[in-house]
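K.L.:
Residue numbers (full-length UniProt numbering), protein chains in the order written: chain A, 1 to 448; chain B, 1 to 372; chain C, 1 to 484.
Quick caveat, the hints were computed from the structure, so don't treat them as lab data. This structure is a prediction, so every number in the text was calculated from the model and none was measured. Every clue listed holds true.
Derived Cβ-Cβ restraints for the label pairs, each shown as a range: (1) C:290 with B:254: 24 to 30 Å; (2) B:254 with C:121: 37 to 43 Å; (3) C:312 with A:73: 48 to 54 Å.
Using N, Cα and C, we set each Cβ at its ideal position, and we do this for glycine too.
Each chain, written out:
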Amino acid sequence: MTTPAGSADTNLPQTGPSAFDEHHPPSRELLDDCVHCGFCLPTCPTYQLWGEEMDSPRGRIYLMDLAEKGEIGLEGPLRQHIDACLGCMACVTACPSGVQYDKLLESVRPQLERNVPRTPSDRLFREAIFALFPYKRRLRAAALPGALYQKLAAVPAVRKLAAKLPGRLAALESLLPPVTVREAFATLPVHTSAVGDRRGRVALLSGCVQDVFFHRVNEATVRVLSAEGLDVLVPRDQQCCGALELHAGREDPALARAKRTIERFERLDVDHVVTNVAGCGSSMKDYAHLLADDPEWAVRAKEFSARVRDVHEVLAELGPRAPRSPVAARVAYHDACHLGHAQGVRTQPREVLRSIPELELLDIPEAALCCGSAGIYNMIMPDAADELGKRKADNVRSVEPAVVVTANPGCLLQIGKHLKDGTDGALPLLHPVQLLDASIRNVPVPRS
Amino acid sequence: MSDREGTLTALKPASLKEAREAVLDTAGRISVAGAGTAADWAGRLGPVDAVFDTTGLSGVITHNPGDMTVSVHAGTPLRALQEELAKHGQHLSFDAARVADGATVGGLVATADAGPSALVHGTLRDLVIGATTLLADGAVVRSGGHVIKNVAGFDLAKLLHGSYGTLGALVEVVLRLHPVPKAVGTVVVECDLAEAARLGREVLASQLEPTAVEWLSSGRLLVRIDSTDEALPARLERLTRLLGDGAAVAEADVWGEHAALTRGTEGAAVLRIGVKPSVLPGVLEGLPAAAATAGLGTGVATVSVPGTAVAEAHAAVHAAGGTSVLRSRPADLDAPAWGPPPSALAVLKAVKQRFDPDGRFGPGRYDPWEIS
Amino acid sequence: MALDPVARAAIVAALGPDDVVDDPVQTRAYECDGLTGYRVRPEIVLIPRDAEAVARAVKACHRNGVPFVARGAGTGLSGGALPVADGVVISLARLKRVLEVDPENRRAVVEPGVTNLEITAAVAAHGLYYAPDPSSQQVCTIGGNVAENSGGAHCLKYGFTTNHVLSMEVVLPDGELVTLGGDSPEQQGPDLRGVFLGSEGTLGITTKITVRLLRTPETVRTLLADFPSVAEAGEVVSDIVAAGIVPAAVEMMDTLAIEAAEEAVHAGYTVGVPAALVVELDGPIEQCDAEFTQVKEICDAHGCTRLHIAGSPEERAAIWRGRKAAFAAVGRISPDYFVQDGVVPRTRLAEVLGRIADMGDEAGLRVANVFHAGDGNLHPLVLYSAAAGETERAEELSGAIAELCVELGGSLSGEHGIGTDKACSMPKMYGEEDLAVMQRVRDAFDPEGICNPGKVLPTPRLCGERPGKYRPHPLEESGVIERL
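The following block holds chain A by itself, in its conformation from the complex:
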């Protein structure tokens, strides 16, 4: 007799109590969605690098399933392989069964942070990262020329790391691009009026890393939005949206930042809360899910998330109005994972770029594969990130672009670093709105 093929779930027996605690364990329904078909393997960066099943989405889900069934603990391999995940969500795009790996990862990472102690050096390093990145003021200090630890000696977590693990601090520093004093301290106008007939009103999240290292992108964003007929508000006292912490499983601080951000923006009379950072957009759109079982915040988070848009979504939906001047250049567009995979925003940035006359838009081979930036990943897993960065840079070069554009500061830093490692350090790396801004203002395309 025949046993039929293709069982739709792993049907592992429950052999003991779940290894997860009761606060948001990965749900049984979500785990069961995985049919083990393997369609996620080719797009998973770590599987591409190492070829090990445990470092694929399918393998990670299998381990989560085993832990939930009480077969394995959280420590050891499960933590190791979840830590190794970039959280790029390419697997979510690739999955034909609709497995929500993003939700699974989001529940498992905090479980690990809570329940599995890290080694002292790992802890030190992570503390330092999270003592630095979400804070504009500290980032500004770090961004200025000179040794990082001197500028940041005032931050205890960084001081500790510098004393004990100077090498890792240097690794962190090497990712930060030089920035002028003027740019690091510049601020955006709180209110910018629409040019011509007003088509709407939006608030802009200025971001932390973005505002310090890529302030020029924020400026371009404000100009483009207003040129396209939007009033733009930039609340002065906004803070980090919590994306970095959220994606690293630091649930409590991430939720605190989420609430602060909601609070800051919900009062504004705007159509949309706009961001030009892929990572921030994906986390803000996720607030609704994150706070769904918090009675005080559930409704507010849902309303907030519903208003969040990536800048390209807004521009594409409005359609071009401001006259564009030609930009005759071969432009390679890199899909940031948190835009393409996490938010499904792929066509809009291309549409926006195609609205520029004479621009030749190029797709990059292995477009779905992460560049290795992935939030804090290139700091905590530098070897893997370097391999991915190099591969991405090779793919970028292969289409021989004159300009590379992408909508996430992490990707800009990472790809920039690896393009410089080659012979083409001069290749301009920009956010798409910078190109659009140059086109609308009829000025030369900026070099950075």
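For chain A, the structure is supplied; the task is to place chains B and C on it using the hints.
P.N.:
Chains B and C only, in chain A's frame:
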């Protein structure tokens, strides 16, 4: 073999049951013979006690035109089968020269023969979808089936393809069929091999989808197109244009000459060789060939060389990474039938050992490899 | 029967620690392939980086009498890569180089871990492609394709893996590296290449594959047509074949399959129609266009309710995306399902579909159908809910469908393979003598029976009772390896 015929037991079963009994009732060594169109191909047959003649096992077993498959007794002459199938607008996409001589389906499989259209349709290993084989110990084994797509179990018919009667006797074969092309045309160019190779590369790099691209040592390149009445003229015209000055659509049967050349010239040894298509012209230039046909897309050529040149020819083909086997040759020629053995010789021996442990079937066919 | 420590040390030493996974938790990630109903944890997973390392690994296993199972992307649906308890898994995931692209000879040499689609990607710039296209082509590896003799939607016209592989370098079960096949279709003796292809990893491990490439056709015309019944759609297929047209592909989906696919990928299928056909023709423009017109006429003559012709490569891709996502997408319309894979002679399609529908009604279960209509390869998906206690019934129905295919003159499997899953059904299709001779082939390659034991051919130990949806594999339960 004919000189020994008088001392041999002739087995000519008319059914599978009889076939099995014949093999079980015969002690000693057995050669398998069909129509005898390739009796002297490959290694010279060693002494045998009986000849298993398949020609009594003839005819179609089932043919359901809608399924485009047919099962036949292995001793069925393919020519007769094609005539039968043609009534339904179907055929086996296979055009080895000796089909016209009455070769049987089983014999064609066992000798791994193929014609020019192998470029598109492959050899019989690509067209046989099922087989029933009788082994030396009387085991009757069926593999594959009556459907084109089937991955259940080992594909034993593949082992029989090119086995020259050494592993067992094919008794039934199931084949996949194709529609007979509604219109066929050939473009001919008079040219030498180097020029033919250049033109062949162009045709094969084009999207004209030729069914066969063959050069003949008479100095002609033949390119065949299988098509429909509506589309053929335009396709031939494009092909003619691509092939340039001197190319012309051929009169009816230009392929007869091709078939004649593959049969070889009188007194010569006929070698069948296969190499990478790109090295074929170079290999052929280096052989003292009196006649040749060269498949520029497949890398398969049939050449007539003096008997004294056979060993050297094997070596030259082997050096080019290819394979070679001796076909017809003068009866008294003492030359190796095969070049150096394949790297998997040990597996070949092991398969022979498991299928025919006493070495009853087809002794000598793989000499000088000493398979059995 | 734990793995002997001396054997373990020798096997680990064959590759070195970087290429070995032997943590008892990590190895669990390898305990099943795409068929999760069977699971066995391997003792050691080896992940070599080149052919020589594969040979060293196999040699170490052979010397120590330890069974091993090769694994590609682990997408197989018949449990062909199910590990053996206390045995070794040899993963080919790191052998993923495209070693040579030879446009002049229209071939490429690749390592087994290269995915099917990566081959085409690597050669596309030369106007070439690799023809076999299993639905999982973006993930399944060419090594796995060789093991399973994979087909795909376009195999009606272009054939299967076996028709597109010229030669393979393989590691035999004793660790010897040999080449099967050659530079041309000419053979040196019996077609060992051909018998190895589709042997489901039981005769050795492929380490290098030379594939034939085809010139991309000048034109491709694809249509999606809706029909008022599955029978009408089936008639269309018959008429196309009767007209002497060999389409590149003819695929059929029924209502449920359409619904699932549309929900997953929004490819533009009409939700609610009883049957949809995807017909694709390709070739030189004159012929392709003439035949395409004929196909459209045939569709119209059979009451086609909507005919959508792909107007751009993107639209064509969308139609295929819908078709190829159908399997996994069924998870969206049913909590649980079984995928079946059987073949009937094409002329018996209508009959078998009618009987499947009746059997489904009788069992009180829905069956979605996705199939390669041109070659009679069915993929009935039996939908059920484990929570509602329908598992046993669904399992019986799915099994009965496969056996119905054999009864109608077809095959137990068209492309998913026999593997672990259907080994015990083999006696339905083949006699004792047939199976015994297949075993002889196996013994010739692998006299010790250490290469993927327990697959393809039935053994009394495995087939004593009907295995369930998930019960411990007999090997797992007994901890004893069945040496064939």
